[in-house]
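Top line first, the protein sequences correspond to chains A and B.
First residue of the first sequence? That's 1 in the working numbering, and the numbers climb one at a time after it.
First residue of the second sequence? That's 333 in the working numbering, and the numbers climb one at a time after it.
FYI, nobody ran anything at the bench for these hints, they're computed from the structure.
Glycine included, each C-beta is placed from N, C-alpha and C at the ideal position.
Hints are supplied without guarantee of correctness; some may be wrong.
[As the list claims (entries may be wrong)] To list a few chain A residues with every Cβ distance to chain B over 10 Å, as calculated:
#1 Q19
#2 E22
#3 Y81
#4 H84
#5 N97
#6 R114
#7 Y143
#8 R169
#9 R242
#10 I243
#11 H310
#12 I320
[Claimed, not checked] So the derived label-pair ranges between C-beta atoms look like this:
#13 A:M1 x B:I669: 40 to 50 Å
#14 A:G98 x B:A611: 52 to 62 Å
#15 B:Q766 x A:M1: 17 to 27 Å
#16 B:E458 x A:R112: 23 to 33 Å
#17 A:R78 x B:Q687: 22 to 32 Å
[Said to hold, decoys possible] Partial selection, computed: residues in chain A whose CB lies under 10 Å from chain B:
#18 T28
#19 S79
#20 Y307
#21 T311
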Amino acid sequence: MRWTAAFLSLLLLSGCGWQEAENLSVVTAAAVETLDGEIALMLEIARPTADNPIPSSETLTAHGRTVKEAIETASSERSLYLSHADLLLIDEATAQNGLSPLLDYAVEHSDRLRLGTRICIVRGCTPPDILNSETTSGEPAGYALSRSLDRAIESGLAPDLPIYQLIERIADTDMEAVLPAVTLREGTAVPDGCAVLRGGVPAGYLSQTETELLCLLAGSAEEASYPLATGETIRLSQPSCRIQASWDSRPTFALRLTAAADTDQRTAAARALERDLDALMTRLYTDLAADPLGLMREMRRTQFSRYEAHTQSAPTGWDIRTTVHLTGGDHS
Amino acid sequence: MFRFTDNLNETVRRMNALFENDSTYICRIAENGHGLRCALFFLDGMVESSSINDNILFPITRSQCGTVPLEELVHRILQIDDVKLDADTDQAFSSMLYGDTILLMDGDSRPLVLNTKGFSRRSPEEPDNEKVIRGPREGFIEAFMTNLSLIRRRLRNPHLKFSFQKLGTVTRTTVCLCYIDGLADQRVLEEVKLRLSKIDLDSILDSNYLTEFIRDNPRSPFPTVGVTERPDIAAAKLLEGRIAIVVDGTPAVLTVPHILQESFQTNDDYYVSYLYSNANRFLRILGFLLTISIPAVYCAMLLWHQELIPTRLFFSVCAARAGVPFPTLVEAVLLLIVFEILKESGTRTPGPIGQALSIVGGLVLGQAAVEARFVSAPMVIVIAFAGITGLVVPKLKTAALLLRFFLLGCAAVLGLYGYLFGLSLVLCWLCAMQSFSIPYLTNLLPSDRTGGRDIAVRFPWYAMKRSHRFLADPFYYDSGEDKP
Numbered sequence: 001m002r003w004t005a006a007f008l009s010l011l012l013l014s015g016c017g018w019q020e021a022e023n024l025s026v027v028t029a030a031a032v033e034t035l036d037g038e039i040a041l042m043l044e045i046a047r048p049t050a051d052n053p054i055p056s057s058e059t060l061t062a063h064g065r066t067v068k069e070a071i072e073t074a075s076s077e078r079s080l081y082l083s084h085a086d087l088l089l090i091d092e093a094t095a096q097n098g099l100s101p102l103l104d105y106a107v108e109h110s111d112r113l114r115l116g117t118r119i120c121i122v123r124g125c126t127p128p129d130i131l132n133s134e135t136t137s138g139e140p141a142g143y144a145l146s147r148s149l150d151r152a153i154e155s156g157l158a159p160d161l162p163i164y165q166l167i168e169r170i171a172d173t174d175m176e177a178v179l180p181a182v183t184l185r186e187g188t189a190v191p192d193g194c195a196v197l198r199g200g201v202p203a204g205y206l207s208q209t210e211t212e213l214l215c216l217l218a219g220s221a222e223e224a225s226y227p228l229a230t231g232e233t234i235r236l237s238q239p240s241c242r243i244q245a246s247w248d249s250r251p252t253f254a255l256r257l258t259a260a261a262d263t264d265q266r267t268a269a270a271r272a273l274e275r276d277l278d279a280l281m282t283r284l285y286t287d288l289a290a291d292p293l294g295l296m297r298e299m300r301r302t303q304f305s306r307y308e309a310h311t312q313s314a315p316t317g318w319d320i321r322t323t324v325h326l327t328g329g330d331h332s
Numbered sequence: 333m334f335r336f337t338d339n340l341n342e343t344v345r346r347m348n349a350l351f352e353n354d355s356t357y358i359c360r361i362a363e364n365g366h367g368l369r370c371a372l373f374f375l376d377g378m379v380e381s382s383s384i385n386d387n388i389l390f391p392i393t394r395s396q397c398g399t400v401p402l403e404e405l406v407h408r409i410l411q412i413d414d415v416k417l418d419a420d421t422d423q424a425f426s427s428m429l430y431g432d433t434i435l436l437m438d439g440d441s442r443p444l445v446l447n448t449k450g451f452s453r454r455s456p457e458e459p460d461n462e463k464v465i466r467g468p469r470e471g472f473i474e475a476f477m478t479n480l481s482l483i484r485r486r487l488r489n490p491h492l493k494f495s496f497q498k499l500g501t502v503t504r505t506t507v508c509l510c511y512i513d514g515l516a517d518q519r520v521l522e523e524v525k526l527r528l529s530k531i532d533l534d535s536i537l538d539s540n541y542l543t544e545f546i547r548d549n550p551r552s553p554f555p556t557v558g559v560t561e562r563p564d565i566a567a568a569k570l571l572e573g574r575i576a577i578v579v580d581g582t583p584a585v586l587t588v589p590h591i592l593q594e595s596f597q598t599n600d601d602y603y604v605s606y607l608y609s610n611a612n613r614f615l616r617i618l619g620f621l622l623t624i625s626i627p628a629v630y631c632a633m634l635l636w637h638q639e640l641i642p643t644r645l646f647f648s649v650c651a652a653r654a655g656v657p658f659p660t661l662v663e664a665v666l667l668l669i670v671f672e673i674l675k676e677s678g679t680r681t682p683g684p685i686g687q688a689l690s691i692v693g694g695l696v697l698g699q700a701a702v703e704a705r706f707v708s709a710p711m712v713i714v715i716a717f718a719g720i721t722g723l724v725v726p727k728l729k730t731a732a733l734l735l736r737f738f739l740l741g742c743a744a745v746l747g748l749y750g751y752l753f754g755l756s757l758v759l760c761w762l763c764a765m766q767s768f769s770i771p772y773l774t775n776l777l778p779s780d781r782t783g784g785r786d787i788a789v790r791f792p793w794y795a796m797k798r799s800h801r802f803l804a805d806p807f808y809y810d811s812g813e814d815k816p
C-alpha cells in the first residue's frame, strides 16, 4: 500500500509532461541573416511521414532584434524541438557583426540545443536560399546539407568546428577559428571554402583548394585528393603534419607534411605541394594575419620564455618553412 | 475411532465397513489349514501383486505351523524386507493408503505393515526445463523414495541425512529434509524445521505449497527458495551447505537458502569449459538487465529524451509511429500484455501446436498489427527483444515480468531519471532481502581474495577453494578425523 501511494505521488508530482515524438516540431537546420539591422530567422522543420524514412519539411520564419528574440518569437507560434538541429547557416553580414550573440544563446540554452551543431557561413546567396533549395535525395535541404558537410569533413574538404569547439577557439588568443562556407551551385548547396576568423569575426575567406590544403595540414582527414597547379590530382593518404617551433631572431616554424601519395612523380608532386603550401602560409599569416594552425600555441608549448618575450615585444613577423615528404603507399 | 481387535472376523467386518464403496479396497483371508489365519488389507493399483502372492500369501498358506506369535510370523514365515510391527492405527492406514499392505493375524490385535508398494511411476528422465548440453540426464520424478535414492547415489556419505515428516492434515504428504550433517548451517536447519512445523494446511500436492509458507519476503518477485528437478543440482547445493526439501508426489525439490546469484547459474556452467560458461553467465546477467530495461529506456528516450536518439533513427521511428492511434506508453503496455498472453498460450498448448501458435502469434499477428497501424514496428521489435532476452533467465521470469512494467511506469513518468530511480529502488529492495537469515546479495562483494570465485565469473575448479563454498563450514573439508 505504501509503495502504491509513493508511486502514485510520484506520478502526480511529475505532471506526466512527456511529449510524443511524432508531435514534436523537430528543427533540423536554422538560417540567420541580418536584414536592415534586424535578425531574420528561418527554421527548417522536419515532418516525418508514414512509410517514408525521409521526412518532408516546412520552414518557419521569425524576426527579432536579436537571435534570442527571433527564436522566442518562433517558439511562441509552436513548440520547437531544437536538439536535432545540426546546422546553423549565417550570412556574411551576421558573421561580420560577431558570433558572440549566437554562441551566448547556444551556451545559455545548451539543454535545448546541441553544442555539436555546426555553423556555416553562406556566400553568394542568402541562408534562406539554401534552406529553400532542392535536393536530389528529396531530403530537407538543411538536413541534406548537414550530412553532405559530414562527408566533406570526413574527406578533408571542409573544416570541422562544432559550436563547443568554436567557443573555445574564439577565446583562445593563439589559434584562430575556421568555419566552413557554403554556397548554391546549380541549385544545390555545396561546401565552398572556408572563412578564417580573427577576433570572432571573419578576417577573410579561403578558396576550396586552399581549404583542402588547410585541412590536410590540420590532419582532419585520413585521405584526401589534392589538385596540383600542374593540373594533376593526387590522392594522399594518412597525412600527418609536424610543427617545429624555434627562435632565430624571430619566431621560426618548420612544417613537415608527410603522406602517402599515389603518383610516380612524388618528388615533383612534393615540390608543387610545397609551393602551394608556401602560398597558403603567406595568405594566412601575412595577408589575413591569422593563425588557424596554432603555430604560436606550439611556440608557447615548447619555447615558453621566447613566446612570452615575443608577445610582450613589438611584432617582428614570422618565418615559416614548409617541407613535404611523399611516400609510396597502399592506396587500395 | 477405528481400532484393530484380536478377533479377526470382527476386524474384517469393521474394515469392510470403513472402506465401503471403495472398489480398489481388497481384503484377502489366508489360512494354512493348521490354524494359522490371517487377513490382508490393501488397495488395488497401489501394490505389487507378485510381492503379495509370492512373499506373503504363498509362505502363509504353505506353512506347517499353527497359531504362532506375530514376531515369529515376521521372522520365520513372511518374506518381506520392510515390515513395521509396532505401527499405530494412523500409521497403518497411512501406509496402506500409500501402497503398503496391512496384515492381521487372528488372535492378535497388532497390525503388521508390509512394504508392497507397486504403483506406476515414470522413469527419471531429463527435465524439460533444465536441459543440459553435457552432464547427467537424470531428473527427479514423482516417486519420493526414488528421488531420495537419486540424491543418495551422488552423495555416498554417512553424513547425508534424510529427515521425514508428514504435512497436510488430509493428504498426509511426506516431506523430507536433506542436508549434510556438519556442513549445513545449524541455524538455517533449525529455521527450516521451525517454519515447516508452523504450516497448517489440509493438502500438500506440490512443493510450491511449502514455498509460499516458508519463504522470506513473500511479496517479492525474486525467488528466495530455490527449485530444481535435477538430482545433480540438489547434490551440488547440499555440498554447498544448503538444505533440500523433497516433497512426495512432485519432482520439484526445494533448496534453501536461495540467493540472487543462483538465479544466474545453471548446471551447464559446471559441466563445460569455464570460459564458455562465463561467457554464457555474462549473457544471462546482461539478458536480465536488458529484459527489464529495454521497454523502459525506449519509452523514456521516445517520450522525454528525444535528443539522445540519432537524428536519422529518430525520423525512422517517427515515420513508423505515424498513424498509430495509441500513445507510446499505452502501445508498450498493450504489446507487453499481448506478448505475455502469447507466451502463456504457447506454454499451455500441446507441443507442436504451441510452437505453431508462437510463430503465428509472433510473426503473423505482429506483421499484421504493424501493417494495420495498430502498433509501430520499432515497438514490436523492442517488446519482442525484451521478451526473448527474458527467456535466458527462466528462474527470474516473475521478477522480469513485474519489473518490466514497474520500470516502464517509472520511465514514462520521469524519463531516464525515473528509470534510474526505479532501478535504485529495486536495488535497495534486494539489499534488504534475506533468505533464511542469509542476505540475498551475499557473495556479490567477496570478502577476501579467495572468496567469491563463483559469482559473475566462475573460476576453474582448481582455483575454487572448497572451504569457500557459500555456507559450507570451512573446517568441514579441511580437518576432522570423523569427517569422511
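Outcome of the hint check:
Separation of A:Q19 from chain B is inadequate, the least Cβ-Cβ distance of about 7 Å not exceeding the 10 Å criterion. Taking the minimum C-beta to C-beta distance to chain B, about 5 Å, the non-interface status of A:E22 is violated against the 10 Å cut. With 10 Å as the threshold on Cβ separation, the claim that A:Y81 sits away from chain B is violated: the shortest Cβ distance comes to roughly 7 Å. At the 10 Å boundary, the C-beta of A:H84 falls inside the reach of chain B, the nearest C-beta of that chain being 5 Å off.
The beta carbon of A:N97 sits about 29 Å from the closest Cβ of chain B, which is more than 10 Å, so the claim that it is off the interface holds. With a least CB separation of 7 Å from chain B, A:R114 falls inside the 10 Å interface cut-off, contrary to its annotation. Look at A:Y143: its CB is around 8 Å from the nearest CB on chain B, not clear of 10 Å, so calling it non-interface is violated. Residue placement check: A:R169 keeps its beta carbon more than 10 Å from all beta carbons of chain B (closest about 24 Å).
Distance check on A:R242: its Cβ is at least 36 Å (rounded) from any Cβ of chain B, clearing the 10 Å threshold; non-interface status holds. Here A:I243 stays apart from chain B, with its beta-carbon at least about 35 Å from theirs, past the 10 Å limit. The Cβ of A:H310 sits about 44 Å from the closest Cβ of chain B, beyond the 10 Å cut-off, so the non-interface label holds. Every C-beta of chain B lies more than 10 Å from that of A:I320, the closest at about 41 Å, which supports listing it as non-interface.
Range check, A:M1 to B:I669: about 24 Å between beta-carbon atoms, so the 40 to 50 Å window is missed. Under the hint 52 to 62 Å, the C-beta atoms of A:G98 and B:A611, about 57 Å apart, fit the expected range. A hinted range of 17 to 27 Å for the beta carbons of B:Q766 and A:M1 is consistent with their spacing of about 22 Å. With their beta carbons about 59 Å apart, B:E458 and A:R112 fall outside the hinted range of 23 to 33 Å.
Between A:R78 and B:Q687, the C-beta spacing of about 51 Å breaks the proposed range 22 to 32 Å. About 7 Å separates the beta-carbon of A:T28 from the nearest beta-carbon of chain B, less than 10 Å, and the hint is met. At about 12 Å, the closest approach between the beta carbon of A:S79 and any beta carbon in chain B exceeds 10 Å, and the interface hint on this residue is violated. Interface hint status for A:Y307: violated, as the beta-carbon distance to the closest one in chain B is roughly 41 Å, over 10 Å.
Annotation: A:T311 was flagged as interfacial toward chain B, and the flag is violated, the nearest CB pair being 41 Å apart, outside 10 Å.
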